[in-house]
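J.: Chain residues, written in single-letter form:
Number of protein chains: 2
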Amino acid sequence: MDGNVKILLTNDDGIHAPGLRALAAAVREVGEIVIIAPDTERSAVGHAITTADPLRATEVRTDGELFGLAVSGTPADCVKIAISALLPERPDLVISGINQGPNTGMNVIYSGTVSAATEATMLGVPALAVSLDSFTSREFGPAAAFAARLARLVLERGIPEGILLNVNVPAVPAGDITGVRVTCQGAARFREEFHKRVDPRGRAYWWLGGELMETEEGDGTDSAALREGAISITPLHYDMTSYRCLEEIGRLVVDMEAI
Amino acid sequence: MDGNVKILLTNDDGIHAPGLRALAAAVREVGEIVIIAPDTERSAVGHAITTADPLRATEVRTDGELFGLAVSGTPADCVKIAISALLPERPDLVISGINQGPNTGMNVIYSGTVSAATEATMLGVPALAVSLDSFTSREFGPAAAFAARLARLVLERGIPEGILLNVNVPAVPAGDITGVRVTCQGAARFREEFHKRVDPRGRAYWWLGGELMETEEGDGTDSAALREGAISITPLHYDMTSYRCLEEIGRLVVDMEAI
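Chains B and L, in that order, are what the protein sequence lines are.
Once you know that position 143 of the first sequence is 143 in the working numbering, the rest is easy, because the numbers rise by one and skip nothing.
Once you know that position 156 of the second sequence is 156 in the working numbering, the rest is easy, because the numbers rise by one and skip nothing.
In case anyone wonders, no lab produced these hints; they're calculated from the structure.
No experiment lies behind these values; they were computed from the predicted model shown.
Misleading hints may appear alongside valid ones.
Just some of the chain B residues that point at chain L, by a computed CB distance under 7 Å [claimed, not checked]:
id: 1; residue: ALA48
id: 2; residue: ILE163
id: 3; residue: CYS184
Ideal placement from N, C-alpha and C gives every residue a C-beta, glycine not left out.
Work out the full structure: start from the sequences and follow the hints.
T.: This is the structure we're talking about:
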């Protein structure tokens, strides 16, 4: 690998998250890394960006060494400000993660981890989003090692413009991973419920709770790969057009104009 | 139209925005409306949802009459809490808007207006996102009238499950609108720049500025329709899979496993 390769790392669990530390340790072997990540956890922020307020960037040190810059914004903000303002040159690759918890199915829409990678592709930089399929396991090692291997391959071979790879890794020892599958985004989602409560001053509030629903999806989806112990790689893009519906909606509109 | 039709209205410019008032006035003719919208402007929040904090819902009155509920959250929060907790029954349709400014091309990814409609489709309710192609014009009348017509048609005829219609309307008098086109999401985006400044205490901050770039896209995109004076309707879905890249990424991974 070219020693001049530059890789930007970010996440949505915040700059102090263990998943980011594990990712940094593994990817350091692939190229020169720069870490620019949110100053606090920013999960479920989707593709939010900060326009009404200014952003700050603060150095974070570990044992006296510069670890990275903590930005007072969302994951998409971090990528935008890194590439547009903070970095002296464009990175060759952006990696977002390692997220604590899977980013599969419908939940991809809410994911700050994925949105950071999407932002990179919108700015013309290839990107990976990497998530561990567990909300509690701290065994990021296999996912970090895989991210480093995949990063090397993407840097060598390239991926189509505008595409990010959404990677989900089972939370099992490396030897128990059954393979690598290229998948499509499934329909996995949270079973959500608002808890209505009353505050100490007698006013109502609602708080969103939920748990990941088990899905019975067929082969070929992100969730199905994880369920079978395989790493899932889904190519995503920012284009949300439903091409298969263009014709049907076209017929609807013809009828409309005739009304 | 069935008198029992229920339509939920929301937006991202906040419950007091004139675009929402214009929408409500027009859609009231189509069915029974309920308004549940953010308490303040929440532009560019993408598909953010609020999980770390509770949500509040406060009645907003106009001339003593209940106008709607203001929620202390994002557009996606509003739809989620409306359908899951606040409404006694599911709405038949969700309409988000009328947004002040277009939601076309890459900018769709940042749009709170579109994310509210996406959230509705994820909960199984058909949805429209409606935007006016101007950041300053207050002439919401033609867009509101068109939204009401389209709402009626969608309620009568249905649209495919999981699909929302992203509608962008030129900011011109109704008679000057040249037609209605079914389009795909183009590549329009903002030319963005961070302004670096120093605060009164001597610390640096960055603030995102930008302006919509003129695009020279060919026919068939959302921006091209607007440029030619036509209303653009793009069918969108939450599935971000790049199906055309599945095979290429599949080949990449085969090579990887052989490494």
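J.: Please go over all the hints and tell whether each is borne out by the structure.
T.: To see whether the hints hold, each was checked on the structure:
Among the interface hints, the one on ALA48/B holds; its C-beta lies about 4 Å from the nearest C-beta in chain L, closer than the 7 Å criterion. Hint status for ILE163/B: holds, given a least beta-carbon distance of 5 Å to chain L, under 7 Å. The beta carbon of CYS184/B is positioned within 7 Å of a beta carbon in chain L (closest approach about 4 Å), and the interface hint is therefore held.
Violated hints are absent here; each numbered hint is respected by the structure.
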